[in-house]
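Q: Sequence order for the protein chains is A and B.
For the first sequence, the positions run 1 to 450 when this note's numbering is used.
For the second sequence, the positions run 1001 to 1450 when this note's numbering is used.
Hints are computed from structural coordinates only; laboratory data are not their basis.
All C-beta atoms in this analysis are idealised placements derived from N, C-alpha and C, irrespective of residue type, glycine included.
Keep in mind that a hint or two might mislead.
Said to hold, decoys possible - Pairs of lysine-lysine, DSBU-like flavour, derived with a Cα cap of 35 Å:
id, chain 1, residue 1, chain 2, residue 2
1, A, Lys445, B, Lys1304
2, B, Lys1304, B, Lys1445
3, B, Lys1160, A, Lys160
4, A, Lys304, B, Lys1304
5, B, Lys1445, A, Lys304
6, B, Lys1160, A, Lys445
7, A, Lys304, A, Lys445
To be verified - Chain B regions said to be covered by chain A (calculated; three or more residues, Cβ under 8 Å):
id, region
8, 1187–1196
9, 1246–1259
10, 1326–1336
11, 1357–1363
Unchecked claim - Quick look at which bits of chain B chain A covers, simulated, 3 or more residues with Cβ under 8 Å:
id, region
12, 1152–1159
13, 1268–1282
14, 1286–1293
15, 1366–1374
16, 1427–1436
2 protein chains.
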Amino acid sequence: METVQQLEERVRALLAERDQAALRALLAEIRPSEFVDLVTDFSPEEVAILLESVEEDEWRADILGELHPEQAADYIQTLPHDEAADLLEEMDPDDAADVFAELPEAQAEQILIQMEPDEAAELSELAAFPPESAGGIMTPAFVAISPTMRADQAVVALRKVAEEAETIYYVYVIDADERLLGVLSLHRLVLSRPETPVGDLMVSDAVFARALDDQEAVARLITDYNLLAVPVVDEDLRLIGIVTQDDIADVLEAEATEDIERLGGSSPLDISYRRAPIGLLVRRRLPWLLFLFIAGAYTSSVLKFFEDISIEVVALSFFIPLLTGTGGNVGSQTVATLVRAMAVDEVQLRDVRWVLMKEATVGVIMGAVMALVALGRAELLGVGSDVGLVVAITIAIICVWSATVAAVLPLILKKLKVDPAVVSAPVITTLVDGTGLFIYFTTAKLILNV
Amino acid sequence: METVQQLEERVRALLAERDQAALRALLAEIRPSEFVDLVTDFSPEEVAILLESVEEDEWRADILGELHPEQAADYIQTLPHDEAADLLEEMDPDDAADVFAELPEAQAEQILIQMEPDEAAELSELAAFPPESAGGIMTPAFVAISPTMRADQAVVALRKVAEEAETIYYVYVIDADERLLGVLSLHRLVLSRPETPVGDLMVSDAVFARALDDQEAVARLITDYNLLAVPVVDEDLRLIGIVTQDDIADVLEAEATEDIERLGGSSPLDISYRRAPIGLLVRRRLPWLLFLFIAGAYTSSVLKFFEDISIEVVALSFFIPLLTGTGGNVGSQTVATLVRAMAVDEVQLRDVRWVLMKEATVGVIMGAVMALVALGRAELLGVGSDVGLVVAITIAIICVWSATVAAVLPLILKKLKVDPAVVSAPVITTLVDGTGLFIYFTTAKLILNV
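Sequences and hints are given; from them, build the entire structure.
A: This is the structure:
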């Protein structure tokens, strides 16, 4: 099989030769998701040329649906307003709304005017929902029927809309006011007697999401109930869309990415790393770096405070990076495990007691082992057994202290309704650096009598 | 709505009262996924009592399918072999295989003997696949038909197996040797003329996975092609199972959890945090902690090497934690973003050049800002402008150096076929700690002329 890289080189060659016919033939054969991988390194102008080389709107609409919304919006902006309008109409409505939301306001207005009135209304309604809500990820392309319809009539109705609906594996039953009455799976429908009214076949206490529910809650609903799609209702309980299972993978991946970036000690990028400009990376990272520097600045004060001791016993300073490093490492291990367990709903606030016990015990065991190793290292360095003892005792205390702080802090943040993932490895490191030094020199004072 | 905690209290009260009838009524109303949340804090004995209080095997089988395989195996082990066999037969085969794999070998043998021969064969075959492969997560409960069957006959065939198949949204077409010929969606089937042979309706170049493919690759296949299920074939291309879309969310979550735990600086737990005993947590974390201590031990040697300077200019040592801390923070930010971008296939090995340029530039900008801030801090501490200058220059160099190392290392590991997530925040911190100190004292030597 051809790799993406080989494919990319072939396409670049054809682009250079301006060989439209060959390009068209090549592109006709690849899937939208392959196209997306192919063009990650291409400039917006090159992407536009590729998209122009295939004439079918349907193909282009499929590709735009898979591209990152910003990338798709870049392309839409290069088109005349009427062409842009046609293309947005051709796309799946939920994807179109995401792209639409990325367009500059003036241009969005212009394009909207060129669209069919009902399509325009649908699009601007969808684009108005927060992007990370049920409304923001739903599609209005579903099949809804009345409860008095018979099973065979429902199949006929389905046949008519099969092309446009995002999933026809569920049929939704609504009343005259469009309120959701129940849901019916396609297999239930086709495996039933033709003359049965769908009202008798449907499941009437269907799970649903509200338009403003968080996308993560919708994802949990779909995975918990093993659904192919979940209906979304507005404040009057009217059915306004569905979220399908294939959107869920994206939601889960995006949430995991956010947590990982936070845990690494920066704010989430929200767009792909590849497309993130240097300025954005700096804006997401520098504030945290400054905050951590300022928060950590007291370490210098602690060291200055204990200046006399470190002049008297200079060997103490040799171990500073090792001690603060180990404290940071224990904290980082604990925080990562705990924040993840909280993200997948395994640990809640009420679990604070056993979490604390567990982590403190782990800290004690690891602290004991590390103390022995530290004694060995001090011996090896030839700094005298007194200093070795101070280092060993300190490292044991630091292990327990770090594990405890790292166990409690994410739970407290959750209580304060702050994302627990902001207690990143860097934050916990900074926190235990200075306190660790304080423990170190205090222990030294007591044991060395200086 | 009742919270899990309230539900838990109610159940505990009923357990204490040994009120079987009330327990049964309560449990009949809750979903399997709710049951799982409910019993996370319960002892195996309590879980067994709850499961016993409902008589239907089907309900118990559903619950066991949702429980963590180890937890389900705990319960299975309390049953007589014939009851255990019945229950495993009742479960979805892929779930049953996961549970079966957790049973002690002797007991597994005994239970297998009590099962129907074909169910026993199916189960032991499934349990033999690596748990993280396509074979390990697939189910053999699919619908396969011959290409000469007509559409209406296929619907009749479907009706017969609808109860047992995991998904009937796809029908697979196989030849006499069980080799996969094509796939047909249910909606295609019901929306076609009754007399059409399914061979004419099917898509013949269906995507498929091989049994030993990694589960992550299968997940990408399903999400890239927007499928509800993907067929799995053995080495002779015979259809042996399907992986359905609802398994994918679990795969993606498990992979993200692994990455987060690695990035935090420990080996993945592989079981839920809640169920992880203290011994396991220590085994996963302590080796890394020791490795990092030993790897970081050279920091003491560096400090000892520069002992004369730190005695002469004791103020230099005040900034050690701040400098190593900032280096570690920059490294942690870079590594987290990059490892995640690699996990979602956004960055490959061949991207090393632009990644390096991007991160180095970010490092330069952040380094310049941090240098100014460091100057201010030195001023505040009153250590003299010479030392301030040394600190500022060092912090700038460290920012660039950390960003560069953190950008390149994950890519090199990938090249060596090691999971890039092992370059955790702690690893990068340890790496840049000692080198940072070396840069610091060398700069001091040059500028302060000591």
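Q: State for each hint whether it applies.
A: Consistency of the hints with the structure:
1. A/Lys445 x B/Lys1304: With a Cα-Cα distance of about 21 Å, the restraint between A/Lys445 and B/Lys1304 holds, given a limit of 35 Å.
2. B/Lys1304 x B/Lys1445: holds (15 Å)
3. B/Lys1160 x A/Lys160: The given pair, whose Cα atoms are some 27 Å apart, holds under the 35 Å limit.
4. A/Lys304 x B/Lys1304: holds (19 Å)
5. B/Lys1445 x A/Lys304: Distance ~21 Å between B/Lys1445 and A/Lys304 Cα, so the pair holds.
6. B/Lys1160 x A/Lys445: Roughly 81 Å between the alpha carbons, so the hint for B/Lys1160 and A/Lys445 is violated.
7. A/Lys304 x A/Lys445: holds (15 Å)
8. 1187–1196: This one holds; 3 residues, not fewer than the three required, reach chain A with a Cβ under 8 Å.
9. 1246–1259: holds (count 9)
10. 1326–1336: holds (count 9)
11. 1357–1363: holds (count 3)
12. 1152–1159: It holds, with 3 qualifying residues against the three required.
13. 1268–1282: holds (count 7)
14. 1286–1293: Holds, because 6 residues of the region 1286–1293 of chain B bring their Cβ atoms closer than 8 Å to Cβ atoms of chain A.
15. 1366–1374: holds (count 5)
16. 1427–1436: holds (count 4)
The structure shown violates just one earlier hint, number 6.
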